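Engineer: Letter by letter, the chains look like this.
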Amino acid sequence: MKYSALSILREGLRGHKGWKPMWRDPKPKSHYDVIIIGGGGHGLATAYYLAKEHNITNVAVLEKGWIGGGNVGRNTTIIRSNYLHPANTHFYEKSMKLWEGLERDFNFNAMVSQRGVINLFHSDPQRDAFARRGNAMRLAGVDAEILSPEQLREHVPILDFDNARFPIKGGLLQKRGGTVRHDAVAWGYARGADSRGVDIIQNCEVKDIIVEGGKVVGVETSKGQIKANKIGMAVAGHTSQVAKMAGIKLPIESHVLQAFVSEGIKPFLDTVVTFGAGHFYISQSDKGGLVFGGDLDGYNTYAQRGNLPMMEHVMAGGMAIMPAIGRVRLLRHWGGIMDMSFDGSPFICKTGIDHLYLNGGWCYGGFKATPASGWCFAHTIAKDQPHKLNEKFTIDRFREGKMIDEKGVGPNPWIQ
Amino acid sequence: MHQINCPWCGKRDEAEFQYQGDASVKRPEPDASQDEFFNYVYMRDNPKGWHTEWWHHIGGCRQWIKVVRNTITHEIHATGGPQDDLELPKADVK
Amino acid sequence: MSNEFRTSKAGVRLNRDKKIAFKFDGNIYHGFEGDTLASALIANGVKLMGRSFKYHRPRGCLTAGSEEPNAIVELRTGANREPNTRATMIEIFDGLEAHSQNRFPSLKFDIQSVNQLLSPFLTAGFYYKTFMWPASFWEPVYEKFIRRSAGLGKAATEPDPDTYEHAHLHCDILIVGAGPSGLAAAKSAAGSGARVVIAEEQSDVGGMVSSELDQIDGVSAISWCQKTLAELSTHQNVTFMPRTVVFGYYDHNVMAALERVTDHLLEPEQDQPRQRLWTIRAKQVILACGSQERPLVFDNNDLPGVMLSSATRAFAERYAALPGKRIVISTNNDDAYCTAEVLKNYGVEIIAIIDARTNMTTKMQRLEDMGVRVLTGAIPQKAHGWQQVSGLSVQSVSGEFIEKINCDCVAVSGGFSADVHLASQTGAAPIWDDDLQSFVPAKPIRAECSVGAGHGSFGLADCLFEGHQAGVGVAELLGFKAEETKPPAADKVELYTISSVWRCPGAGKAFVDFQNDVTAKDIALSAQEGFISVEHTKRYTTLGMATDQGKTSNVNGLALLAAARGEAIEKVGTTRFRPPYSPVAIGAFAGRERGLEFQPTRRTALHECGEKLGAVFVEAGQWLRPQYYPKPGEDIMAAIYREAKQVRDTAGICDVSTLGKIEIFGADAAEFLNRLYINGWKMLAPGKARYGVMLREDGYVFDDGTTSRLADDHFLMTTTTANAGRVLAHMEHASQVLWPELDIHFCSATEQWCGVAVAGPNARKILAGAFGDALDISNDALPFMGVKTFNWLGTTARIFRISFSGELAFEVNVPWSSGENMWNAIWEVGQEHGLIPYGTEALSVLRIEKGHVAGNELDGRTTVADMGLGKMMSSKKEFIGKALSQREGMMSNDRATLVGLKLKDANERLRGGAHLFESRQGANSETDLGWVTSVADSPAINGWIALAYVKGGLDEHEGKTLYAVNPLYGEAPAVEVCSPHFFDAKGERLHV
Amino acid sequence: MSELTTSHPLDHVTSTHKISNDDAELCISVRKLPALIQLFAKKEHEAELFKKLNFQTIAGKGAETDRFTALPIAPRQWILISKDEKALDFSRSIAQEIGKHGYVSEQSDSRVCIRISGKYARELLSRGCRLDLHPSVASPGFCAQTPIAQIGVLLHQVDALPTYDFYIYSGFAHSFWHWLDDTAKQFGEN
Ligand SMILES: Cc1cc2nc3c(=O)[nH]c(=O)nc-3n(C[C@H](O)[C@H](O)[C@H](O)COP(=O)(O)OP(=O)(O)OC[C@H]3O[C@@H](n4cnc5c(N)ncnc54)[C@H](O)[C@@H]3O)c2cc1C
Ligand SMILES: NC(=O)c1ccc[n+]([C@@H]2O[C@H](COP(=O)([O-])OP(=O)(O)OC[C@H]3O[C@@H](n4cnc5c(N)ncnc54)[C@H](O)[C@@H]3O)[C@@H](O)[C@H]2O)c1
Ligand SMILES: Cc1cc2nc3c(=O)[nH]c(=O)nc-3n(C[C@H](O)[C@H](O)[C@H](O)COP(=O)(O)O)c2cc1C
Ligand SMILES: [Zn+2]
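Chains as they are written, first to last, in numbering that gives the first Met the number 0: chain A, 0 to 415; chain B, 0 to 93; chain C, 0 to 991; chain D, 0 to 189.
A portion of the hints provided could be inaccurate.
Here are some chain C residues pointing at chain B (derived, C-beta under 7 Å) [stated by the list, open to error]:
| no. | residue |
| --- | --- |
| 1 | Asp-250 |
| 2 | His-251 |
| 3 | Val-253 |
| 4 | Glu-696 |
| 5 | Glu-731 |
| 6 | Gln-735 |
| 7 | Val-736 |
| 8 | Leu-737 |
| 9 | Trp-738 |
| 10 | Glu-740 |
| 11 | Glu-877 |
| 12 | Ala-882 |
| 13 | Leu-883 |
In the EDC-like style, the derived pairs of lysine to aspartate or glutamate whose C-alpha atoms are separated by at most 16 Å in a straight line are [said to hold, decoys possible]:
| no. | chain 1 | residue 1 | chain 2 | residue 2 |
| --- | --- | --- | --- | --- |
| 14 | D | Lys-42 | C | Glu-887 |
| 15 | C | Lys-53 | A | Asp-285 |
| 16 | D | Lys-41 | C | Asp-742 |
| 17 | A | Lys-174 | A | Glu-99 |
| 18 | A | Lys-401 | C | Glu-887 |
| 19 | A | Lys-248 | B | Asp-83 |
| 20 | C | Lys-959 | C | Glu-917 |
| 21 | C | Lys-950 | C | Glu-917 |
| 22 | C | Lys-226 | C | Asp-203 |
| 23 | D | Lys-41 | C | Glu-740 |
| 24 | C | Lys-143 | A | Asp-269 |
| 25 | C | Lys-876 | B | Glu-28 |
No lab work stands behind these hints: they were computed from the structure. All values derive from a computational prediction rather than experimental measurement. Even glycine gets a Cβ: it sits at the ideal position worked out from N, Cα and C.
All chains, please: the whole structure from these sequences, using the hints.
Structural biologist: Put into structure tokens, the structure is as follows:
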């Protein structure tokens, strides 16, 4: 059912009796052309682009719980393409372009809000490092600006310029960066995929991957065996677990990242601010909650909850740059399981097992990647070879010494 | 918040420690192949369940502590010094 | 309107001797000490206290506690303004000012309440289906509109002026809640000697007990509670924490609690924090959190004056505030009869009790005998009134209209939900109890247990018994022996029966989640649209996502979802419980770590010396270092230029105390260094220093510095300021984990020593003068890279002939306490020799002129070869990082390597972060050759120079012109590629 | 300059910080240390070293001799605070006495010592110290390293009043003092 001003008017007047489910609740077939494991943003986007771009519609998305219940439904919703390494810059810029046309593409309003993303810096060397990044962006055709302290003051008056332990010396701004309503991304892709014939199967946990003669042929699930010609894994925090089912070991660790939301307040902050030196970033949701976060708790875990030390640290970071938030109350905090790769960059690649494909290693940056990740992964699966945009996101890059390390902290996933 | 029993200092808050990753991998002999070093530095089981790992007690005695901890429940089964061989609990909880 | 609704009876929390004046929306009211804002307003006859989020519907109090969804206000003003503060939790004080929120221009006349007219279209999820056309409207029009309607209250925009602090607590038993259950537990555990803490969110004990009706051990229940508290306070091992909410259950039985230390005062008492965040490590936890009453879901159930039955009673008993004078009570369980009895005692007219149950219970009978009209099998149909309730239409359970009753208050009870919040935060999903019509805690998976109403035991007798047993049991579990005491006894045992009606039939707006305006219809619609998981329903409708987190609404919502799905409630389950139990101010989490105290500051021994000379300080990690020493009227660039120049002309002194220093001992110390550094250490003679580079295990450069051999088995390592801690940890790993067999011992010596660098042609003269006969530092006695230990005025001092600046230079270390003394000694002599102090900026200029790498060049992605130091790497020995440094991608020829750059046109500007290209045209990611890392306005070279990494390095580009393209600044100056050793490449100045 | 004038990281603060008029309630003071060293025992030489220096410790408990206070900080590592021997003499003579059994790092200036004592000391410390200092857990002699206000301290309980000595790296002394001063105000005027 198409959403339009008219359909809303019509339904409003007849008590909304006519709205149909956004996606069906089908029983799994015994065989599909493609199975995508994981009904998060990436899995659903992959199914959507398989159908839309490659006309492959005999597709199932298998989700162990409810779609969107993983990281896509619990992230801090920031989108940006302000990366340093060209491999990342081009990929994330593709994503940004897709975001920009998304709502009309899938007829669902995900509230893409290009309110700008600012990274603060506090010293000359930091400014130079950000300038290097900003210039890399500009040279890749991406927008970036450097803000002086005066410009920043005008842009974000709520910052504390005068009493900060690490005085603010300016910021790198990407105006086209911003936020997107996270749940809507999952729902929009699901609805779009479903309407093109994709089966979205919830409460269907993949328990094993069946490989015969070096080629993947199907999966065992909580709803029985399902065969497929090709299988893509897009399970984020559970990447190691699912890959292990096919005997694959990866340079990935699972870690928890916490997120926080305050009580709703009237408009307070109309951009995204990242305070890297204090491990804090913040934006305001359309409901009015301040949505913020910081670093990983820093220990391997599959529990979607974190602990007090990081909470205190994150909020101290917030108070350090925005002391006006002191009396705003924390409403809720939660965690999500990050598939931390050993260089902070993702995998979208073939696996060494024929027709089994890997999408993972997203760390805490995979939400913004959702459209491009789905788009590239669909391409990789459909063509059995990567697109130029994702050709560097291989597993072998580590063996070859071609890491794509944005932070430069080396093989320590808990600080990547 | 994890309470980690440092063999030297006793039970301490997680906040006193710096996590240092998987302790089940062993550094290869110096003359080992690049591949062995590659596995040591990059390849991880990343288990769901019991995990042997390093916690460096930087806020206390500065010893590297080995900890057997569950990555689902965060329960700690055992802690020991760097040279201790800690066993995983028999029945792996799921 | 003064206290018209105040009864002269009761009010256990009031101090009637102390009258308090306060302001709400600019009007002045009076209340008593002990009142909450809500109770005081109610006593003044004020019912309208807020507006809802989406439809801006008028709202009054629904509850009397922290679960309040409606009566939330902006408390205080200016920098102290606290949005979304629950009127039911604010203890009034003289001078209190509060404002209603989410309304314009006033609470009574709110323009946005027209949203209600649009409500047929503003259903759950309408955002997602709309605002898409035309595309060009999204950002400038729709998005702006959506974002403007965000939120309820306005936050302050100035820094929070109050103080917060953290505190730590350890106990054997933490009891959460000081209602009868918690107090009974505390009482029985107290005698055992266990360390007991009892935390209560409210200002006082008692929870839900009624002072009017319940009796415990022969006295009124509330006096028993007060008496018990008094008794407990005589025990050294018991701590009672009022106004303290335990809000989070974290791993390993660590609980977080917030104490509202001075929120009930106009201003914090001197030097008291506003709030204190407690981290409580409890061996065992007893959860005695009580229960929450649920509203009934019927049309217009959100009108001010419709209030939970237990809340009407609480307002009356605790605060002597009467929510109405003519009340209708609507219930489906027995508890509301207690309300009826209490209110009746205070002279409230109980017009009728309408009860969904069809069978007469003894309680009903009792009330009927007292002359109250009881209608069984009846439920509300619709509340009437404008901005406050004036009547209630009643229908039969099957939906036939019965009658309309006029009233000024409707007390509703849809039954009780055990407060399973904290128990469920542990991850143990609560279980549906069909008899109770409530979720109850699952079997504990932590060292905790639930008692009383929070455990699903709704009778007072059971609460007391369970509390008592838990106190004894838990103490014994911990090895304490509790005294033998009888459990406190209630005067009567009561059964709880309930018959739920989840949606009282009606076609209008029946609210489930009041604050977020989620109606019964929204829930049905979301199920219809395929959002059948309860978590989907929550996210699509926003049920339970407001500031009250659905405390009063979730169970009703689940039940409606279950009905829509045609399934039992237990199949639907709850959404996930997350901390905090009640919202907590962000400032409290930060504690004292804010402003300049965000992180500790490290100062060197020479901090005051720098200050005296007018240094401008800069952060270097946690350290503060002099950045430059401006002369009057001099700007930063000029100061740096002057300092750098004068060092090369005469001499300069620089505080280098922040460099990491690690003292290493042991027979295997040299072997250890051999394994840490890429170069060899075994042949280094005592009395000599050497530059070393360390790699990470992945083969990239980790840190560099000079290390000196002081004796065969004694070294002093220096690290960069930034990496001192990481290098120490790295060495601890190597010695404790990798090679425990080596005989090595080391510790940080950073703060033991104060260090200065004295550099420049006059350096030797100055130091010779300063240290006099104590020291021979002639080139023969102390050649380049030589080290000497000497005695200076009775202390040990060390001098190192090393140089970062490329000048004749020495670093001198003396113990911290002699630092100022040393500085002064050198300064005094230096005056005749043109000595100036220089800061980190000039230091940087000097090292760039010499091509020495520093932080900007070592960004964690650099190989030794990239830095041009490939030859240093020993092939004869093994060291950390060697194996992986040989990977293909790290050895390849197209890596960017270190070069120098000279700006060609002095009128242009060269900046760090520019990228390098062969041509100004066609600059893009593909043609990118590298980037500029550090720049300097060099006095020695007389122009701008830079270090940079360029693909192909010097081999390909030396002497060529490149362009430093900097789109951020709109610049692209031409630069000439040269050796990074700009100045004195042969190092002649070092060896004089 | 022929005369040694020394400075101390906390020179700028008053040497005693009385929170109340009654020392028994809360008293904070800076203790100037005669000498402090870090002592290492070689593996398997611990017993010899104990014998040579005539002391013995177990983890978490300091030892007192006539000559020094010994605080164990890690396996085979101690901080020794001399009672009156001065810096150089103390480290030299201890090094000589232990011979080949261990090593000595002279650290007299690396740390400052702040003494906190009185009835409110525990409560004051609870505002930053994560450890349980209740008398049933920590008695005189108790020693531990732990961060307070993000600053690593070595803590030693001196007596049951209680009195505690805190050893803090000199660079942090200023910040630590600042935190202490701020936090202590709630316990009364100074
Ligand atoms: C707190 C937090 C903040 C973040 N902030 C941002 C941000 O601001 N910007 C940004 O770009 N990124 C952010 N991220 C990262 C981003 O959310 C993730 O990288 C991204 O969502 C991951 O891709 P996904 O959506 O496909 O993952 P998910 O939504 O996690 O999808 C994976 C799905 O696989 C399912 N699954 C797992 N195992 C199986 C199995 N065996 N069988 C079937 N199904 C299975 C899971 O149930 C899950 O639904 C954040 C993440 C978190 C947790
Ligand atoms: N008859 C009925 O229908 C019915 C139903 C439910 C309860 N009750 C009555 O309620 C009472 C139950 O006694 P109880 O002691 O179990 O509960 P209670 O509700 O009397 O007391 C619970 C206390 O815990 C506090 N609390 C809750 N969560 C907290 C937290 N996180 N941190 C700090 N404090 C917190 C509350 O403020 C409250 O004071 C009995 O009198 C019982 O008869 C009656
Ligand atoms: C951007 C964003 C905004 C949120 N806003 C709210 C909110 O206003 N109220 C709320 O209760 N939860 C809010 N949440 C948190 C969710 O309720 C939920 O905790 C989160 O999605 C994780 O799911 P879980 O807690 O069920 O594991 C928000 C989450 C995100 C990602
Ligand atoms: Zn320890």
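Engineer: Next, verify each hint and record whether it holds.
Structural biologist: Evaluation of the provided hints:
1. Asp-250: 5 Å, holds
2. His-251: Cβ of His-251(C) sits 4 Å from chain B, so the hint holds.
3. Val-253: This interface hint holds because 4 Å falls under the 7 Å limit.
4. Glu-696: Hint holds; Glu-696(C) Cβ to chain B Cβ min 5 Å, cut 7 Å.
5. Glu-731: Glu-731(C) check passes; min Cβ-Cβ to chain B is 6 Å, inside 7 Å.
6. Gln-735: With a minimum Cβ separation of about 5 Å from chain B (threshold 7 Å), the hint on Gln-735(C) holds.
7. Val-736: 5 Å, holds
8. Leu-737: 6 Å, holds
9. Trp-738: This interface hint is violated because 9 Å lies over the 7 Å limit.
10. Glu-740: At about 10 Å, which exceeds the 7 Å cut-off, the nearest Cβ of chain B leaves the hint on Glu-740(C) violated.
11. Glu-877: 3 Å, holds
12. Ala-882: 4 Å, holds
13. Leu-883: Holds - the Cβ of Leu-883(C) comes within 7 Å of chain B, reaching about 5 Å at its closest.
14. Lys-42(D) / Glu-887(C): The given pair, whose Cα atoms are some 42 Å apart, is violated under the 16 Å limit.
15. Lys-53(C) / Asp-285(A): 12 Å, holds
16. Lys-41(D) / Asp-742(C): 7 Å, holds
17. Lys-174(A) / Glu-99(A): Distance of about 13 Å is within 16 Å: holds.
18. Lys-401(A) / Glu-887(C): Between Lys-401(A) and Glu-887(C) the Cα gap is close to 8 Å, so the pair holds against 16 Å.
19. Lys-248(A) / Asp-83(B): Given that 16 Å is the threshold and the Cα spacing comes to 26 Å, the pair is violated.
20. Lys-959(C) / Glu-917(C): Distance ~9 Å between Lys-959(C) and Glu-917(C) Cα, so the pair holds.
21. Lys-950(C) / Glu-917(C): Distance ~11 Å between Lys-950(C) and Glu-917(C) Cα, so the pair holds.
22. Lys-226(C) / Asp-203(C): 12 Å, holds
23. Lys-41(D) / Glu-740(C): 11 Å, holds
24. Lys-143(C) / Asp-269(A): Roughly 10 Å separates the two Cα atoms, so the pair holds.
25. Lys-876(C) / Glu-28(B): Given that 16 Å is the threshold and the Cα spacing comes to 13 Å, the pair holds.
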